[in-house]
Structure formats: structure tokens, C-alpha cells
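**Q** Using the hints provided, position chain B relative to the given structure of chain A.
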Amino acid sequence: MSKELEILQRALQREKAARKQAEQILEGKSRELYQLTQELKNVNIKLEEGLTEKTSELQGVFGNLVDAYVLMDISGNVIKMNHAAKNLFGYNINKEKLNIATLIHKEDYQYAMASFKELIAKGSFSDYQARVYTKHKGVRTVHINASLIQNSKNQPIAAQGIVRDITEELERKQIFEEQKKQLSAIVENSSLGIALTQFGKIIQTNKAFQNLLGYTQDELLQKEVKNISLNDEYEEAAIKMQKMNDGILDNFSINKRYAKKNGTVFWAKTNVAAVRNEDGSIKYQVALIEDITEQLEFEKQRNKLVKNLEKSNKELNDYAHIVSHDLKSPLRSMNALLTWLKEDYAEVIDDNGHNSLNMLLKKVDKMDHLINGILKYSSIDKVDHPKQNIALLEIVTDIIDVIHIPDHITIEIITALPVITGDTFRLQQLFQNLIGNAVKYNDKKQGAITISCEQKDEFWEFAIADNGAGISKKYHDKIFQIFQTLDENNESTGVGLSIVKKIVDLYDGEIWLESKEGVGTTFYFTLKK
Amino acid sequence: MGLTFLLIEDDEIERLKFARVLQKNNYNHTLMEAKNGEKALEILENSEELPDLIFLDLNMPKMNGLEFLKILKSNPTLRYIPVVILSTSNNHNDLKESYEIGIAGYIVKPLKYEEYAYKIKCLIEYWSVNELIKR
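Protein chains in written order, with the working numbering: chain A, -9 to 519; chain B, 4 to 138.
Pulled out of the complex, with its shape left as it was, chain A reads as follows:
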């Protein structure tokens, strides 16, 4: 019994010891476990901290991205948008759901789908460019780079895209292109030849330039300005070009000759302008050339004509002068000789003889008047006095004071007379001749002459009316011709009215008359304002 007890007691003892050992191991293990847990906890905290850090870093990056950032799940629901994306699309996904499909412009739908497939298949796409709708019905053109986000098992779970709004950039580009088109339309259709040159080399030309020179664009681009210029004027151009290079000139214009492909030469007015870099050095020159061969020819002819005209005018003037003087000389002699005959032989010559001598003297006198008339008529448009403002009232009043007016004739100025620009001498001649005639040929007991003026749109119309003998209709044109006179008693020379006509013509005016024989005549004339 005791043996059994002893065995039992020993077994109990062993079991106790074993349990104690087990307990000790367990205790050790659980301590280890605890420590491990603690360590894990620490690591975890660290990891979490790191993750938050990274996340907030990323969030910062996305938030601050100038471009829009969009994150969506695989069925296109937008999960995340940065600030730029909200601004661009106008949606706030915290408040409303947004599926990417609503953004796609209907005309770009197929292209969008194709790109989406490419994204799934390849994991990314880039340089997608299409139109999108914004929340407020706007249409923007965007550029998108996108990539797929996969889980650890390589299954796609989301997609993200960087979206850049290129609407304005495109517009600017379009405007630029448009302007470029407009500009080149102008340049191409210009009748002026236009060439761009750089250091003497031709780098661009327009159609007109090619046509002028007979070369194609490609041929011209192989050439230097020197090759199409003639040596004579090239020197002059080169000097000016140098001044341009030195910054003294910004543009210049010369007439120079160009050699065409077919060997002929033409004159062209050439304007050269410098296009400078910011530092003032010359980037290139723009040359505008205009064929003036014909123009020069015209000018040459015109100059020749003008010269001839001047010459013949002067000759005519001199001629009138010389002839008049040469004619006057013998008249003076005749007058002297006749006078001496009368003086020296007064006793010998009978009345008849004296009568003849007196008539001869009168004819000599008349001849002298005629010559003076020619002189006056030919000089009326020769002497160019400076134009000035002339009060016609003053002129007419002076004339009335100066010319001899018999007592039975009255002259009245019945309207205001204007101040006009002109030449005093001519206007004086004009009025003096007309008033003088009205006085001289008045045959009434009470002569009445009136002077008046009426203002018209572009001219003044004057009237000088008399109650004289009147002029038959058949003479109305004739009286303005030189040496035509209706006067039978030798006094008049027939120059006065032709001078009047000439002066009125000089003022771009007209002259005419209304007359009733025996009742009177009214001369009308206009002077341009």
C-alpha cells in the first residue's frame, strides 16, 4: 500500500514539477508574445504615421496641381477631384455623384470609348485630346493623361487622370493661325513684290515678287539680293543697307533696277525696312518692290511735255513781247515823222493834207492800242501774283472812283459783294473792263448801271446790268473773241472782253449775257468760291 502511495506521491511530484515547468515556459512565451505585440504595435504606429504622412503629402500635391486630377472607380464614378478639377468641371462630388460619362462630349464619344479600352488593356493612355461638358453646359477642350490603379492581384480597381484645360491655348493657336492666314493672304495677293532677306540672302518671297522677277520661290531662295540687282544701283543700296545695319536707318526707299530670269531688266521702287532683334541687331529685312518702269516712262514723257509746254509758253510770251515792241518802234517813228510833217510844213499843206495827216496819226494811235491789248491779253495768265483775300466791294468802289463816269450815268452796287481769294490785278481787270464797257457804250440820256452778286452753292454769281444799246444775240459768243468789237468808231480794240473771259476761265467760272437791243445788257459771270 505504502509502495503504491509512494509511487503515487512521486508521480504527483513529477506532475507538479512538469506543470511548473510548463507554466514557466508558458509564462516565458507569453512574455515574448507580449513583447512582440508591443513591438508590432510600435511598428504599426510608425507605419501608420508614415502612411498618413505620404497620404497628406500626396493630397498636398494633388490639391496644388494646376492641372485637374480625377480619380474614378472602374465604372467611371468619380471618387476624387482636386481643386482644379472642381473648377474645371464645376461639380462638387461631396455633394453630388458624378460619372465620367456625363462629361464626354457626344461627338467625341467613340474616341473616348476607344481610349478607355486602351486604358484597360495597356494600363494607361496619354495625349488624349477631346471636348468635355462642364456642369454649366460649357464646352472645354482638354488634354488627358490617364493610368489604371490595380490591387495586389493585378485587378483594376480605379483609374486616375490628369486633365489640362487647353481651350484657350487652342483658341489662341487658332487666332494665331487665322492671323497668319490673313497675313499671308495679304502678302500673297499684294501687287507689291515682297521679299524677306537676311544678310543679303532671300529667305521668303511672295507671288508678286516671283512674278516680277520670273523666278520660282525655290529658285529665289537660292539667290542673294546681289544676284538679282544691277551693279549700278547695288552700290547705293549697299551703302544704305550698311547704315541700316549700323542702326542709323530703319527704312529706306530707292529706285533700282532688277534683273529678271529672262535677262530683261525693270525699274522698281524698293522700300526696305529692318526687322530687328531685341538687341537692335537686324533679324531680317523686308523689301517691298513695285515695278515703276511704266511710271518712269510716263514721268519722263510728262516731264518732257511739261518742259515743252513751259518752253513754248515762254516763247509765246517772249514772242508777244518782242513782236509788240518791234511793232511799237515803227509806230513811234511814224508818229514823230507825221508830227514833224505837220509842224515843219504847216504852211505848205492844205486842209485836206492836214486832215489826212491827222487820220494817219489816229490810225497809228489805234495800232498802238491794239498792240497794248495783245500784250495785256498775253500777260494776264502769265504773272502769278500770290493769292490773297480780296474784298470785292473795295475793288469795285476803287474802279468806280478811277474810271471816267459822265454825269448822266449812275452806278449802283445793289447787293453785298463777297470777299474772295484771288489775284487783285486780275479781279481789277475783270470788273474794270465790264464796268468800263457798260459806261462807254451807254447811249441813254440817263444811264443806269447796277452791280450785284448772288451766292450759289459752289460759286458766286455776279451781274453787271446796264440800260445801254444792247447786243444782238448773234454777237453773244463773238464778243468774247480777241479783236472782235461791235464798236464802229475805232475807239475799241476788241481786247477787253476777251481778257474778261480769260480771267473768268482762270477762276473756273463762266460768263454769259442777257440783252435786249435798245433796252440794255446784263453780263453774268461766276467765280468759284
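In the DMTMM-like style, the derived pairs of lysine to aspartate or glutamate whose C-alpha atoms are separated by at most 20 Å in a straight line are: (1) 318/A - 97/B; (2) 356/A - 118/B; (3) 122/B - 333/A; (4) 122/B - 355/A; (5) 65/B - 36/B; (6) 318/A - 118/B; (7) 115/B - 355/A; (8) 27/B - 337/A.
Derived by calculation from the structure, the hints in this document are not laboratory data. Predicted model, so just to flag it, every value in this text is computed and none were measured.
**A** Chain B alone, transformed into the frame defined by chain A:
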């Protein structure tokens, strides 16, 4: 004291007219005559006595009045002789040029002899009371 005149004039009757004025007025002045500028210069070079006054026509064959006047005025001795122009016209250019070169008077010859005689008479009487440089 009689004066000596040199009349330079190509027209014979003009010369007659001048002489007649002198004669009719009983002036005791001396008249030398030249048909043109060259002849006048010859006379001026060769005569012992220089004229007191020159009457000069402008329009003459060969050397004309203005050419003569220029030569006269550039001669250190002759330049002091006063010159009166007797011209056909009052042409502005002639007047201006004459006064520029240096003249003492400018007369336009009138058509009528009476007027001519009157003008010449006035001239001669005017110059008769003037002091002149005598050599």
C-alpha cells in the same frame, strides 16, 4: 555850261527825235551818237572828253543796252557817268536788272512825239542843274 550827251540808239529816227528836241529848245549841249554798244565803247575809249550823261536804248542789235551797261559799270573810270535808259517797255525784269546794275533813270518812250519831247526836256533840265563828276 553846255553838257555832253552820248545817245546810244540803233534807230535812226529815234536819234533824229532826240536831236530835234535839243535843237528845238535851243540847248547848247553837245550830242554824240552811237548805233550800238560796241560803237559806244569805241567812242568812250577814243574821245578826249567823256560825256556827262549817257542815254541808252535797251533793244539793240549786237551788244544790247544791258550788256553795255555792265561793261560800263565795271570800268573804274566810266562807271561814274550817269546812265538814263530809254526803253520801249516798262518790263519789270528790264527795270529791275537795270537798277541792279546801276542807272540814274529809266524812261519809257511814248508813242507820241510831243510826249517824248516833253520827257526829254524834263530830263535835260534836271541834269543841267546837277553836279557831275568832271574829268
